[in-house]
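Trainee: The numbering of the sequence shown is my numbering, which starts it at 1 and goes up by one.
Don't read these hints as lab results, they were simulated from the structure.
Be aware that a few hints might be false.
Below are the DSS-like pairs computed for lysine-lysine, each with C-alpha atoms no more than 30 Å apart in a straight line [claimed, not checked]:
hint: 1; residue 1: LYS184; residue 2: LYS160
hint: 2; residue 1: LYS284; residue 2: LYS104
hint: 3; residue 1: LYS131; residue 2: LYS184
hint: 4; residue 1: LYS131; residue 2: LYS104
hint: 5; residue 1: LYS143; residue 2: LYS284
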Amino acid sequence: MSPTERSREAMDDLDLLLAALPDEVVTAVHALPDQEELIEVVLDLGRPPEARFPEGEVTLLEREITEADIAHVVENIGSFGDDNRAGIERTLHRISAIRNRTGKVVGLTCRIGKAVFGTIEIIQDFVETGKSILIMGRPGIGKTTMLREAARVLADDLGKRVVVVDTSNEIAGDGDIPHPAIGKARRMQVRTPSMQHEVMIEAVENHMPQVIVIDEIGTELEAAAARTIAERGVMLIGTAHGNTLDNLMLNPTLSDLIGGIQSVTLGDEEARRRRTQKSVLERKAPPTFDVVIEIQDRDRVTVHPDVADTVDAMLRGDPIAPELRWRDEEGIHRSQSRPRPSPREQLGTERFAGLVGAGQPWRVEPGWRGDSAYRTGGHGAGPGYREADRGGFRPGYRPGASGGWRQARAGASREGSARTGPAALGGEPGTAGTSGGAVDGPDDEGPPGAQFDTGPGLGLRGSGGLTVRPDERPFVAGDIADRGPLERLSPGAAA
1 MSPTERSREA MDDLDLLLAA LPDEVVTAVH ALPDQEELIE VVLDLGRPPE ARFPEGEVTL
61 LEREITEADI AHVVENIGSF GDDNRAGIER TLHRISAIRN RTGKVVGLTC RIGKAVFGTI
121 EIIQDFVETG KSILIMGRPG IGKTTMLREA ARVLADDLGK RVVVVDTSNE IAGDGDIPHP
181 AIGKARRMQV RTPSMQHEVM IEAVENHMPQ VIVIDEIGTE LEAAAARTIA ERGVMLIGTA
241 HGNTLDNLML NPTLSDLIGG IQSVTLGDEE ARRRRTQKSV LERKAPPTFD VVIEIQDRDR
301 VTVHPDVADT VDAMLRGDPI APELRWRDEE GIHRSQSRPR PSPREQLGTE RFAGLVGAGQ
361 PWRVEPGWRG DSAYRTGGHG AGPGYREADR GGFRPGYRPG ASGGWRQARA GASREGSART
421 GPAALGGEPG TAGTSGGAVD GPDDEGPPGA QFDTGPGLGL RGSGGLTVRP DERPFVAGDI
481 ADRGPLERLS PGAAA
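Modelling step: build the complete structure from the supplied sequences, incorporating the hints.
Mentor: Shown next, in the form of structure tokens:
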């Protein structure tokens, strides 16, 4: 078979799946004009059966599905695993069950599995480099299909030792003999989904692979196992939950796949050199995956060819411009996509830091005066106060003149240091300065940190060089010194 013919070939064995369905449903499916585009057949108790296509759904029968229909399918396909999935031997089809509170099956989703050859061509140059690749995209977009084809190309065309960790038998099909769609790649089945990370490590330790293929990395243990495999020099190709790299950054469970995110406090000189605030977000470690592929549709992907550089840029708040690739009758095309804002720029620094698990984990009550009690839980302080240090900010800190955080002067009082009137925004002569006392002279013009640019990610640039979000309330320096970090007052309260 020529490469051109192979690229158009799709193996689905649809008749083997239809043999397990009720006769009336099978007749209705055969009557559909575009069976090649069929994705799923859905059978729900008490509802008409439906056929799902990329562009919508079609009702197959006027009558409702009965318990006898559900029992007929369950009897033909056998038992379901711990993940409520079952398959048909030597095929890629997947049947997933919906159960009621007593465990009885009341709904079935019959996914048509297809081995489409040639889907990997759009990213084959990355596959051949030996870099670890993470594939992302919405459910049903073709992640597993691309994963399966990557395993075949690496094993057959490139001669690599490939091991597929097949948790739900979705990559290489049900049964003990792998589906021919993965070529010469070997397949390790997983007894229960909770053991997936153990089988990943076992594959590396026992079978000396050059490539590990894994579908649906979804837990911290699996992310840690993936990092262990990558550190041993084994190429990884996997999929993860999420549509884009942005989703992965905001998922604390899986952010380790792209290096993890932590809050770092910079010294005065370093903050001044970077022209940024003193508390910043940085990548913890090298990413587990070198390349991230975002599938937009079956013929269009977005590529992040250097995950480390992309994540660093996103943490700085810089816009990113990944590579866009698409396929048509003329072949594969590439171009630079339009720059898109980073999650930090879209959400704001504080909210972004909180979502990635590196921000302030609690908000200080108004009027609370920081002391050592928060470390031990004294004076009624709860566990949130004892955990304050983990967020990167500590009570008794306030924004300093450098735009970062500096410790408040001992003994400074709220009453003596609070700004009043327009001084809260402009720092006019005679108002509180950065040390908490009154300052005379024009040198204090502009809010604290005005001489340092905090970058484009925090909002609009105001006068004096400080980045100001128009929807945020102003800092009141004297109050923050006694209340802890990030305490804000309404604009009216500052007067």
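Trainee: Now look at each hint and say whether the structure bears it out.
Mentor: We went through each hint and held it up to the structure:
Distance hint between LYS184 and LYS160 is fulfilled; the C-alpha atoms sit about 9 Å from each other, no more than 30 Å. For the proposed pair LYS284 and LYS104, the alpha carbon gap of about 46 Å is over 30 Å, so the pair is violated. Straight-line distance between C-alpha atoms of LYS131 and LYS184 comes to about 20 Å, which keeps the hinted pair within the 30 Å bound. Restraint check for LYS131 and LYS104: the C-alpha separation of about 45 Å exceeds 30 Å, so the hint is violated.
Between the alpha carbons of LYS143 and LYS284 the distance comes to roughly 28 Å, so the proposed pair stays at or under 30 Å and holds.
Violated hints, listed in ascending order, are 2, 4; each of the other numbered hints is respected by the structure.
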